[in-house]
Amino acid sequence: MKKRALNNLGTATYFMPKHLVPHVKTICDAFTAMSEKVDSDFVGTFVPVEPGNKYELSNNCVGYLLYSRDPIGKEVPEIAYLGDSRFTVIREANSLCPDLLSSRLLIMEATFLDNPDRKIESARSHGHTHLDEIRQNASLLKVVVSFFLN
1 MKKRALNNLG TATYFMPKHL VPHVKTICDA FTAMSEKVDS DFVGTFVPVE
51 PGNKYELSNN CVGYLLYSRD PIGKEVPEIA YLGDSRFTVI REANSLCPDL
101 LSSRLLIMEA TFLDNPDRKI ESARSHGHTH LDEIRQNASL LKVVVSFFLN
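Residue numbers (this note's numbering): 1 to 150.
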């Protein structure tokens, strides 16, 4: 938020779990109080998100799911792109976004490709997926035709 203010980018919209909205507002109020400014640089629009909600986002979102239409007009999931994310996105996909695991191509990051001895917990604590989590849960990805790790 502060960086947006310093770069004159205006107020952003933040999507977060519903239960976090009041806590994030409290944190922003605390930073404003500590900066002793009348106009806060710690402002934004906070949108509460609950399981099953769908939002159309502009660019710069965390992940994308691209569809094509078959000859009868039915949407077919083609490409799923996940930004930095924990493997729980895959584990919970059937209930939150079933099309994610039906896409022909799944693109996701995997931490420690170059250093597989690092612990899974280390990746999770930084919001990432460890390569071993993908290996250990390969059966969840059996419908995906192509898989690309970056």
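Keep in mind that the hints were calculated from the coordinates and are not lab data.
Be aware that a few hints might be false.
Below, computed lysine to any residue pairings styled on SDA-like, alpha-carbon distance capped at 25 angstroms [stated by the list, open to error]: (1) K18 - R69; (2) K54 - G73; (3) K54 - G127; (4) K74 - L141; (5) K119 - L140; (6) K25 - G44.
A quick note: this is a predicted structure, and the numbers were derived from the prediction, not measured.
Here's how the hints hold up against the structure:
1. Straight-line distance between C-alpha atoms of K18 and R69 comes to about 33 angstroms, which puts the hinted pair past the 25 angstroms bound.
2. Distance hint between K54 and G73 is fulfilled; the C-alpha atoms sit about 21 angstroms from each other, no more than 25 angstroms.
3. Annotation: proposed proximity of K54 to G127 holds, straight-line Cα distance about 22 angstroms (limit 25 angstroms).
4. Of the supplied pair hints, the one linking K74 and L141 holds, its CA atoms being roughly 23 angstroms apart against a limit of 25 angstroms.
5. As the CA atoms of K119 and L140 are separated by approximately 21 angstroms, the hinted pair is consistent with the 25 angstroms bound.
6. Restraint check for K25 and G44: the C-alpha separation of about 9 angstroms stays at or below 25 angstroms, so the hint holds.
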